[in-house]
Amino acid sequence: MEKILLKNVGKPDSHRIDTYLAGGGYKALEKALTIKPEMLIQMVKDSSIKGRGGAGFPAGLKWSFIPKDPGLSKYLCCNADEGEPGTYKDRGIIENDPHLLIEGMIITSYAIGAKNAYIYIRGEFVFGRLRLEEAIKEAYEKGYLGRNILGTDFSLDIYVHAGAGAYICGEETALLESLEGFRGQPRRKPPFPALSGLYGKPTVINNVETLSCIPAIVEKGPDWFAKIGSEKSPGPKIFCVSGHVKNPGLYELPLGTPLREIIYTHCGGIRDDKKLKAVIPGGVSAPMLSEADLDTPMDFENLAAKGSMLGSGAVVVMDETTCIVKAAYIIMRFFSHESCGKCTPCRCGTPWLTQILKKLEDGESRPGDVKELERLCTNIFGRTFCPLGDGAVMSLRGALKHFRDEFVYHEENKKCMVAS
Amino acid sequence: MLSEDLKKEIEAEVKKYPTRRSAVMAALTMAQLDKGRVTAEDMREVADLLGINPVDVHEIGTFYTMYNVERPVGKYHIQVCWNISCSLLGAEHLIEHIEKLLGIKLGETTPDKKFTLTTVECLGSCGTAPMMQINDDYYENLTGERVEEILKGLD
Ligand SMILES: Cc1cc2nc3c(=O)[nH]c(=O)nc-3n(C[C@H](O)[C@H](O)[C@H](O)COP(=O)(O)O)c2cc1C
Ligand code: SF4
Ligand code: FES
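Sequence order for the protein chains is A and B.
Everything in the first sequence is counted per the working numbering, starting at 12 for the first residue and increasing by one.
Everything in the second sequence is counted per the working numbering, starting at 5 for the first residue and increasing by one.
Since the hints were made in silico from the structure, they are not lab data.
Glycine is no exception: its CB is placed at the ideal position from the N, C-alpha and C atoms.
Check each hint, because a few of them may be wrong.
[As the list claims (entries may be wrong)] Using 30 Å as the maximum straight-line C-alpha spacing, the simulated DSSO-like pairs for lysine-lysine come out as follows:
id: 1; chain 1: B; residue 1: LYS104; chain 2: A; residue 2: LYS370
id: 2; chain 1: A; residue 1: LYS47; chain 2: B; residue 2: LYS20
id: 3; chain 1: A; residue 1: LYS126; chain 2: A; residue 2: LYS18
id: 4; chain 1: A; residue 1: LYS126; chain 2: B; residue 2: LYS12
[Stated by the list, open to error] Every beta carbon over 12 Å from chain B, so not counted as near; a handful from chain A, in silico:
id: 5; residue: THR45
id: 6; residue: ILE46
id: 7; residue: GLY62
id: 8; residue: ASP92
id: 9; residue: GLY94
id: 10; residue: ASN159
id: 11; residue: ARG194
id: 12; residue: GLY280
id: 13; residue: VAL326
id: 14; residue: ALA338
id: 15; residue: LYS370
id: 16; residue: GLU383
id: 17; residue: ARG408
[Unchecked claim] Calculated Cβ distances over 10 Å to all of chain A for the following chain B residues:
id: 18; residue: LEU6
id: 19; residue: ALA133
id: 20; residue: TYR142
id: 21; residue: LEU158
Kindly generate the complete structure, drawing on both the sequences and the hints.
Here it is in structure tokens:
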């Protein structure tokens, strides 16, 4: 497949505007500014692109919810909080090709009528933030940002806002709270951000990768985009592969590429030619799959049918030497650390689950621990204020679904099946 | 005490937003730059500068993990990622190795205040695991030897 998102990666000075322009950059913006905003929204709808941040919401539909009233100020927020463990694609785009994101943001802002846009980047990405700030400066100098962009009456400012370490700020309403200077805790929905978002104004929140697809959709047309990959969820996707593969890294492939092809063809298979045991297909909130699921096409629908999800497209591969109880413990420890504390099932439930998993792992189990895990999952699931708590439960349930015998072995024998 | 220069930088941040309060995160990040931590006095001054209550600033300072509120760290703050991808590739051994090299345990600072060692959750560097961050810089594809070299190179 012709690369769209990572096409400039590897070019010398790929982050510079001159490199971007030489590769045809900002042509899509020139074209977009000759098209009516409503038409652009229709094009994005027709492309059938779904959000790449995790939830997979159709981007064009989201944009169409923004009120058309020209007197109302509106905002675009780019979600660059990238915190889902296993995920590092947004960082890849930001560090290597920041102008792709910026061009996507300018077009999106024009389409929804926003005059101000923010990039919420996680605080630890210091290098990426500096790259973005430099790139934004370059874009202002060339007249792609600021007043009367390319001689039109459209004006836009883009600002970078750095987070300071909180996974929950990736959740879109927590992100808005954080941008406004509060603790990053999710807001009640409705109202949805499209009607009342940042500073109470209509706001679109999109992921870095989603926005980076927009220039290609405008330039080559929605039909071209809709023909890439799966019919229901088309387009290119950056898969972030990590764990026990020979060649971990970012792979841009059509949505719908089978998991087996990603692991064995693109990543060269499992390290030391060991056997594969489990794969998390979409970041740690996505339930893990086993060897039997390797032929699943990697898209929103097919992974949902397998009881998992595409999430952020982070593929974490575990070989036969992996203790699943330990993996489940590490993941739950993460969720419990990141629980924002707003609702009780998540604030109290995730540390409790973590404690039981740690005891199972440390050989200090008590009879009934596995049942207790399952009971807690039932009490948490569907009762949390935001999807973080559900994600924690789904990840543990995925491990229990495929590897319950390992948890039971730990409970009964106070030791690990894999190590013994 | 926030220096006059710092206050100017914070004012520049304020200009990005329709409310002064939105600059609170940037203000704390900047206040932390020199000393590696944020003090109660810094937080009071940030509150004054932004026209919000000191308790609001304190809330922010204690919610986000990157602010070291009244928590001194050494000259070099080593944060080893122990999330899933890094753990699969030996983060645990790496931590033990660093503990031995520095003669401290997780959460501690060396007596000469040079190094603090903590863990951190996924830093978005999972394809180059295992990894750690020292102050603002990422160090990736680590091995025991690489870590030793890196630590020796810091003075
Ligand atoms: C706990 C939690 C963490 C999230 N983290 C991120 C993130 O780091 N980056 C992101 O783009 N979306 C994240 N999301 C999804 C966002 O809420 C939102 O759906 C997304 O940014 C919308 O953009 P998209 O439609 O382009 O995907 C997270 C959601 C939850 C519940
Ligand atoms: S589920 Fe509740 S406690 Fe957990 S992160 Fe969401 S709002 Fe916060
Ligand atoms: S798991 Fe360590 S950087 Fe992502």
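Results for each hint:
Among the hinted pairs, LYS104 (chain B) with LYS370 (chain A) is consistent with the structure: their alpha-carbon atoms are about 26 Å apart, no more than 30 Å. With a C-alpha separation of about 28 Å, the suggested pair LYS47 (chain A) and LYS20 (chain B) falls inside the 30 Å cut-off, and the hint holds. At roughly 29 Å between alpha-carbon atoms, LYS126 (chain A) and LYS18 (chain A) fall within 30 Å of each other, so this suggested pair holds. The hinted pair formed by LYS126 (chain A) and LYS12 (chain B) meets the criterion: a straight-line CA distance of about 26 Å does not exceed 30 Å.
No Cβ of chain B comes within 12 Å of the Cβ of THR45 (chain A); the nearest lies about 30 Å off, and the non-interface call holds. Every Cβ of chain B is farther than 12 Å from the Cβ of ILE46 (chain A); the closest lies at roughly 29 Å, confirming the non-interface assignment. Every CB of chain B lies more than 12 Å from the CB of GLY62 (chain A), the least distance being 18 Å, so the non-interface label holds. Consistency note on ASP92 (chain A): stated as away from chain B, yet its beta-carbon is not over 12 Å from all of that chain's, at 10 Å minimum.
Against the 12 Å criterion, GLY94 (chain A) falls within the reach of chain B, whose nearest CB is about 7 Å from its own CB. Distance check for ASN159 (chain A) against chain B: the nearest CB is about 21 Å away, which clears 12 Å, and the non-interface claim stands. With a minimum CB-CB distance of about 4 Å to chain B, ARG194 (chain A) fails to clear the 12 Å threshold, and the non-interface call is violated. For GLY280 (chain A), the requirement that its beta carbon stay farther than 12 Å from each beta carbon of chain B is met, with the minimum near 16 Å.
A Cβ of chain B approaches the Cβ of VAL326 (chain A) within 12 Å, the least distance being about 10 Å, so the stated non-interface status is violated. Interface exclusion of ALA338 (chain A) from chain B breaks down, the closest Cβ pair being 6 Å apart, not more than 12 Å. The non-interface label for LYS370 (chain A) is consistent with chain B: the shortest C-beta to C-beta separation is roughly 18 Å, beyond 12 Å. The non-interface label for GLU383 (chain A) is consistent with chain B: the shortest C-beta to C-beta separation is roughly 23 Å, beyond 12 Å.
Even its closest Cβ contact with chain B, about 16 Å, leaves ARG408 (chain A) beyond 12 Å, as expected for a residue assigned away from the interface. Every CB of chain A lies more than 10 Å from the CB of LEU6 (chain B), the least distance being 17 Å, so the non-interface label holds. Not every CB of chain A is more than 10 Å from the CB of ALA133 (chain B) (nearest about 6 Å), against its label as outside the interface. With 10 Å as the threshold on Cβ separation, the claim that TYR142 (chain B) sits away from chain A is violated: the shortest Cβ distance comes to roughly 7 Å.
Chain A leaves LEU158 (chain B) outside its interface by the beta-carbon criterion, the shortest separation being 17 Å against a cut-off of 10 Å.
Hints 8, 9, 11, 13, 14, 19 and 20, counting from the list given before, are not met by this structure.
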